[in-house]
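Following the hints, put chain P with the ligands in place on chain Y, whose structure we already have.
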Amino acid sequence: MEHTIPEKHYLNEATGWKSWLMTLDHKRIGILYMIMVMFSFFLGGVFALLLRWELISPDKILMGPEMYNQAFSLHGIIMIFLFIIPSIPAILGNFVMPLMIGAKDVAFPRLNLASWYIYVIGFCFAVYALFTGGIDTGWTFYTPYSSETTTAVIPILTAAFVLGFSSIFTGLNFIVTIHKLRAPGMTWFQLPLFVWAIYATALIQVLATPVLGITLALLMLERVVGIGIFDPAMGGDPVLFQHFFWFYSHPAVYIMILPGMGIISELIATFSHRRIFGYKFIAFSSLGIAFTGFLVWGHHMFVSGQSDFAAVIFSFLTFFVGIPSGIKILNWMATMYKGSISLDTPMLWALSFLILFSIGGFTGIILGTLSIDVHLHDTYFVVSHFHYVMVGGTVMAIFGGLHYWWPKIWGRMYNETLARIAVVLIFVGFNVTFFVQFIMGTQGMPRRYATYLPQFQGMHGFSSIGALIMGVGFLLIAIYLIHAIFKGKPSGPNPWKALTMEWETPSPPRAGNFEGAQRLTHGPYDYDKVVPENALKQYKTL
Amino acid sequence: MKDDAAQRHILPLNLYLAVGSGLLVLTVITVAAAQMDFGQMNLLIAMGIAVVKATLVAMFFMHLKYDNRIYMLVFVGSLLFLGVFIIFTMFDTLRRGDIYEEISEPYLKEAVIYRTAETGTASSHAAADSSHTAAEAETETTDH
Ligand code: HEM
Ligand SMILES: [Cu+2]
Chain Y
1 MEHTIPEKHY LNEATGWKSW LMTLDHKRIG ILYMIMVMFS FFLGGVFALL LRWELISPDK
61 ILMGPEMYNQ AFSLHGIIMI FLFIIPSIPA ILGNFVMPLM IGAKDVAFPR LNLASWYIYV
121 IGFCFAVYAL FTGGIDTGWT FYTPYSSETT TAVIPILTAA FVLGFSSIFT GLNFIVTIHK
181 LRAPGMTWFQ LPLFVWAIYA TALIQVLATP VLGITLALLM LERVVGIGIF DPAMGGDPVL
241 FQHFFWFYSH PAVYIMILPG MGIISELIAT FSHRRIFGYK FIAFSSLGIA FTGFLVWGHH
301 MFVSGQSDFA AVIFSFLTFF VGIPSGIKIL NWMATMYKGS ISLDTPMLWA LSFLILFSIG
361 GFTGIILGTL SIDVHLHDTY FVVSHFHYVM VGGTVMAIFG GLHYWWPKIW GRMYNETLAR
421 IAVVLIFVGF NVTFFVQFIM GTQGMPRRYA TYLPQFQGMH GFSSIGALIM GVGFLLIAIY
481 LIHAIFKGKP SGPNPWKALT MEWETPSPPR AGNFEGAQRL THGPYDYDKV VPENALKQYK
541 TL
Chain P
1 MKDDAAQRHI LPLNLYLAVG SGLLVLTVIT VAAAQMDFGQ MNLLIAMGIA VVKATLVAMF
61 FMHLKYDNRI YMLVFVGSLL FLGVFIIFTM FDTLRRGDIY EEISEPYLKE AVIYRTAETG
121 TASSHAAADS SHTAAEAETE TTDH
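Taken in sequence, the protein lines are chains Y and P. Under the working numbering, the first residue of the first sequence is numbered 1, with each subsequent residue one higher. Under the working numbering, the first residue of the second sequence is numbered 1, with each subsequent residue one higher.
To be clear, the hints were calculated from the coordinates, so they are not data collected in a lab. Ideal Cβ positions, reconstructed from N, Cα and C, are used throughout, including at glycine. Hints should not be assumed to be uniformly reliable.
Said to hold, decoys possible - Each pair of labels, with its calculated beta carbon distance range:
(1) Leu80(P) x Phe189(Y): 21 to 31 angstroms
(2) Gln443(Y) x Leu94(P): 36 to 46 angstroms
(3) Val76(P) x Tyr145(Y): 30 to 40 angstroms
Isolated chain Y (complex conformation) (with noise of 0.2 angstroms):
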């Protein structure tokens, strides 16, 4: 069947820049996000292929030793707080969350349109300190280091602080608009897995962030005033700005993961074509693992100083977070089990989640055992287990949820066999880029360095040609995504024959999502109840 674009849509019902920079449509909102976190992706996109460039030879290529901690920083600040922590919640929440429970809007539409100025003002202070100084502590900000040394420390802890507003309020707003705009007869348990992952996302980015602001604050009156908190000549405690920064940090590590687990549950459910199994697990363990989540900061500091009676309870703690985790992944798996499974693109991005996903949080509990991680602590295991789970997790969950929700957002089609190449590219790319990290990592080679013993270059140097894979293929997904959006075959409303919600309008949708209000039918995965027309759809083989 040939499908058309619809006359008017959100896209087309009011033109010229100023409609767009005043929007007060979530839809938009969520592509002014799109723009600026992807350009933020590319920025830490280029330090990392810097970096692994340098690192190719043990000798200097590009960048002496400062240079090579300036970029390391900056490439971490930059995926950290102006990429992941915003990325699925502020471009796929905003856009998919109403239209999943049949809303017409966020709750605050105006707060919604600040918080991407907010965004913007944050990305402008971190601009500054790339061209006054730059900033070489790393993405973590330890002290004594961050309050001594000259580079432009105070302008990229103001982006932080800012940046940290920007998703306060998202969460707030997400909460409201989660609890009071879902659409009649829609109840908790027939909220779509990925609301319910936006919505224990929102409590984690409402809960913790303020005390990343706290944090922060008291780092900049540390270096500015020097009020002596985290300096012991002072009576101050350089290992207490650890706690605080971490009690933040570990909860934003699942404010980056949950959401790309509530994507892949649609995915999984999507394209087994199969009632998600579990449900309540899976929506509960979101909760779960919320909460557990602000237990476990300690794990980040067995080597800090940190007294043994600590070390002992936050290691123990640790194993309890891998509870929710590997619940969601069997519920998955139990999903997919004869289901009738097609491979459509997004679905690799979910098998992708899957085998990558589950390699990271093993070795996060391998680096919780305590004893273990005296030795691997700062090594490139750590590296490779953090890349492993936002990576492997967040990033493929992201595109997987870009190339599901696509068609909805422009209404067209991307070319599926350049997609599923893109989808092999990075897949292949990732694992030979960071696979070998592991082992390097057991055998000592420390994180953060410019430089490598010559045993160790075989090793960085397979690594660096898997960024480079990988590099060609976000650049391939870039080219065959953004000719989508102009040349892309219509897709229709509902190309996947999904049952959510958010396919029952046209795509792209109306300025007001749906035509009157809308009313629920069946369940997000009723599929044993409820046949989509042409459920079986066919798909080209490559």
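Just chain P with the ligands now, with coordinates in the frame of chain Y:
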């Protein structure tokens, strides 16, 4: 709507007076307690009374008791998380000295670090050792 009803909720004057005098009595107790020395319990008692007072204010003057229960959840939840942060951090800060236990009972008596600990000034536990002079002990009170 329920929320509006909660906002209009008016408590009898007597209740306000009762809570108010309760707070005054507790203030008197605070002052009285501050005059006495309960040793380690000083802080606990002062904080305990303060918590009771704050609870009274939040419950009755700020209407938390009669409002939608979600506000109670948010309020108690925030306190709980603050508690987790402070208590878990104290697991570290209060027990950092533990590591010096090892020095008082070295596993390997001949290890170099223990030799310096016995002759040098590093260990506070050495202060308990009767062979040390009072002067030495004074310089060694760093990690109590
Ligand atoms: C299965 C659950 C997980 C466990 C048990 C776990 C455990 C750990 C541990 C113990 C460390 C500290 C290692 C060290 O520094 O010596 C660590 C580091 C890290 N983890 Fe995880 N992790 C888990 C999941 C995640 C997830 C989902 C993310 C993010 C999406 C993540 C991101 C990070 C990051 C960024 C670091 C390094 C921070 C730094 O020092 O720069 N982890 N993890
Ligand atoms: Cu952690």
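Which earlier hints turn out false for this structure, listed by number in ascending order? none
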